[in-house]
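K.L.:
As a plain string of letters, each chain reads:
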Amino acid sequence: MDRRVVVTGIGLISPVGNTREECWDALLAGRGGVGPITHFDASDFSVKIAGEVKDFDPGPVLDRKEQRRTDRYAQFALVAAEEAMADAGLLEDKPDGDRVGVIIGSGIGGMNTFEENHSALVGRGPSRVSPFFVPMMIGDIASGLVSIRHGLRGPNYGVVSACATGAHAVIDSALQIKAGRADIMLCGGAEATVCPMAIAGFGNMKALSTRNDDPARASRPFDKDRDGFIVSEGAGVLVVEEWEHARARGARVYAELLGAGATGDAHHITAPDPSGRGASMAMAMALREGGVAPEQVDYVNAHGTSTPYNDRVETAAMRSFFGGHAEALKISSTKSMTGHLLGAAGGLEAGITALVVDRDRIPPTINLENPDPECDLDYVPNASIEHPVGVAISTSLGFGGHNTVLLLAKAPDKR
Amino acid sequence: MASIEERVHQIIEKELGVNPEQITPEASFIEDLGADSLDTVELVMAFEEEFGMEISDEDAEKLTTVQGVVEYLKANAE
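One line per chain: the protein sequences are Z and S, in this order. Sequence positions in the first sequence follow the numbering used here and run 165 to 579. Sequence positions in the second sequence follow the numbering used here and run 44 to 121.
Be careful, since some hints might not be right.
Claimed, not checked - Cβ pair distances, simulated, as ranges: (1) Z:542 - S:89: 53 to 59 Å; (2) S:57 - Z:291: 53 to 59 Å; (3) Z:452 - S:100: 58 to 64 Å; (4) S:118 - Z:219: 43 to 49 Å; (5) Z:428 - S:77: 44 to 50 Å; (6) Z:221 - S:75: 24 to 30 Å; (7) S:57 - Z:224: 19 to 25 Å; (8) Z:365 - S:80: 31 to 37 Å.
Claimed, not checked - Below, simulated DSSO-like cross-link-like pairs (lysine-lysine); rule was C-alpha separation at most 27 Å, straight line: (9) Z:342 - Z:258; (10) Z:258 - Z:494; (11) S:57 - Z:218; (12) Z:229 - S:105; (13) S:57 - Z:229; (14) Z:574 - Z:342; (15) Z:342 - Z:229.
Unchecked claim - Quick partial rundown of chain S residues pointing at chain Z, CB under 10 Å, derived from the structure: (16) 59; (17) 60; (18) 64; (19) 78; (20) 80; (21) 81; (22) 83; (23) 84; (24) 97; (25) 101; (26) 104; (27) 105; (28) 106; (29) 111; (30) 114; (31) 116.
For the record, the hints were derived by calculation from the structure and aren't laboratory data. Glycine residues also receive a C-beta, built at the ideal position from the N, C-alpha and C atoms.
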């Protein structure tokens, strides 16, 4: 018999809030978290703005010694995982660790740790590279650390697919559950790359917004004056669980993960295929798996990065796939408020979409002052709305042409 | 200028995240202060930085207690 997968816990850290509810409240209020870079001196950089997490305090989860040997990206993962576990009732009601796995990905991993240790190498020699350098920096250590903290012995690894990383982690986790290798999986993504190398690198690709004098209005998906994305940090971790297992323990279910699409563009290392074919095919795949017709989709949490290319191509892909129904869709890009969390985006946005499905409220696309004529769908401009959402999708498209679509529907006990 | 003991204690407190009361002369880094093999390497690196010296792997292996370190540095640091 087919095993079904539901979302029973959500932990979020982003530039708009350090907890799930802080993020949700900010998103509904249209409050953005993009501002001037404070994590390092960006005066010589062409890009001086980013989405930074404010006042992050890992203290409740990591003691001083653990903090010193954990890169910021993994700290985000650990704290978000803790919130997700608590939310799912799994801290008081400890599950059988053998049946719980962890797949938390990162696009880049411990870049801050790499920079610090590389400076030590170059400035003071090889003997100055920390013995913790490797285990702090690698992109899979977040999954390892979460499993160590909670005694989770199911499938355990990281995934990497740039901006689609968090979504692929959710997809893989659902597959592990369906294969019977686990009953519960912690999944999502974490990223902490508001640091010199990343801002310089992404900046020199001309991929980032340079609206340095007005950061609050810099992330403006689908708007005529958009000029690039905002690098942001944080984590989104979900607890996904086999439905009967969740039901038996009386878990609260946010949404069911009905299906997923995963395709490649086979086009270019950074630019999306202008036909939007890869993205539409991922939508088709997800809906086919979930047994859902395009007309049943109510809400799309778009990839919506605020780059000239993505927003236009993604709109074309939605028109092409949904046909006439495209105009009835409610679509929003929460990146307008959070910025682009890169490897964490897919996890954060899966969490947001599950909340939308559960709560029938849709966060807006803010800064949508003059829609691009080529972006002519309903992006829920500037103010959130109450709207029944029975079925939703979350789209994440990564550099390298990695396309993912997650299909979420109302919880089985709420239909 | 703080004494060698004080400087060593400060480094141990910072690196191992332990409380000052735990840092007794006989305390073993691994057995009493919760250090693992990676911690002890980093601890030695921190002593090298602070006291401006190189500590050979051979010597480092023998630095297993607080007092051991203090005595070694008194004998070998400038």
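K.L.:
Honestly, which of those hints from before does the structure not fit?
P.N.:
Violated hints (numbers, rising): 2, 10, 15, 18, 25, 26, 27, 28, 29, 30 and 31; every other hint is consistent with the structure.
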